Amino acid sequence: DAGVTQSPTHLIKTRGQHVTLRCSPISGHKSVSWYQQVLGQGPQFIFQYYEKEERGRGNFPDRFSARQFPNYSSELNVNALLLGDSALYLCASSRRGGSNQPQHFGDGTRLSIL
Amino acid sequence: DAKTTQPPSMDCAEGRAANLPCNHSTISGNEYVYWYRQIHSQGPQYIIHGLKNNETNEMASLIITEDRKSSTLILPHATLRDTAVYYCIARSNDYKLSFGAGTTVTVRA
Chain A
1 DAGVTQSPTH LIKTRGQHVT LRCSPISGHK SVSWYQQVLG QGPQFIFQYY EKEERGRGNF
61 PDRFSARQFP NYSSELNVNA LLLGDSALYL CASSRRGGSN QPQHFGDGTR LSIL
Chain B
1001 DAKTTQPPSM DCAEGRAANL PCNHSTISGN EYVYWYRQIH SQGPQYIIHG LKNNETNEMA
1061 SLIITEDRKS STLILPHATL RDTAVYYCIA RSNDYKLSFG AGTTVTVRA
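Chains A and B are the protein sequences, given in the same order. Read in order, the letters of the first sequence are residues 1 to 114 in our numbering. Read in order, the letters of the second sequence are residues 1001 to 1109 in our numbering.
Everything labelled a hint here was simulated from the structure, so no lab data went into it. Please read these numbers as outputs of a predicted model, since none were measured by experiment. Heads up, the beta-carbon is just placed ideally off N, CA and C, and yes, glycines get one too. It is possible that part of the hints are untrue.
Interface residues of chain B toward chain A, partial, derived using beta-carbon atoms under 8 Å [as the list claims (entries may be wrong)]:
id : residue
1  : G1043
2  : H1049
3  : R1091
4  : K1096
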């Protein structure tokens, strides 16, 4: 079975632009989570969606938004990009929500802001 | 989620067992212990998780002390491909994983 797939793999934007990142979960998984990982640090939680509803939100500004589609794929949108948004953006999926459900990660989208 | 403490780095020899410690002295009864690893330029890879009992799968074994205040991840026969950052996470939250700095494990030939 295919794992979590993310697109694009790399992206370069300039300050002030907006970006949309995409994620397809593992087949049968209904929950998708987004994380940001800046260089040298562990991933930081941004959002979780389960059954198309937002179930959790991390400490990120309103410039960050996301949604989940009926096929359980997801998009992360970031508006008014800042230099500090340069990071690896990771998507993870799980069968459902819950602390006993492992999240499985894709290899991320590397976003660079010039 | 309870705070976890891991050594910043450790070396191990190829072919030998690697024992990775994690302290989670403030863990609560409903918090699972998760282990992930991240190889350079890849996303974190799920290894194993457990609540009270020791767990084993095809990748590793997880040993949790009886008081649940610490745990050890065991890679039975380390290979060069096991070189990675290993994260130990105490998880109570239904929707997020809280990653710390992890342990950088280097397997040497």
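Verification of the supplied hints:
no. : hint  : result
1   : G1043 : holds (4 Å)
2   : H1049 : holds (6 Å)
3   : R1091 : holds (5 Å)
4   : K1096 : holds (4 Å)
Checked against the numbered hints listed earlier, the structure breaks none of them; every hint is satisfied.
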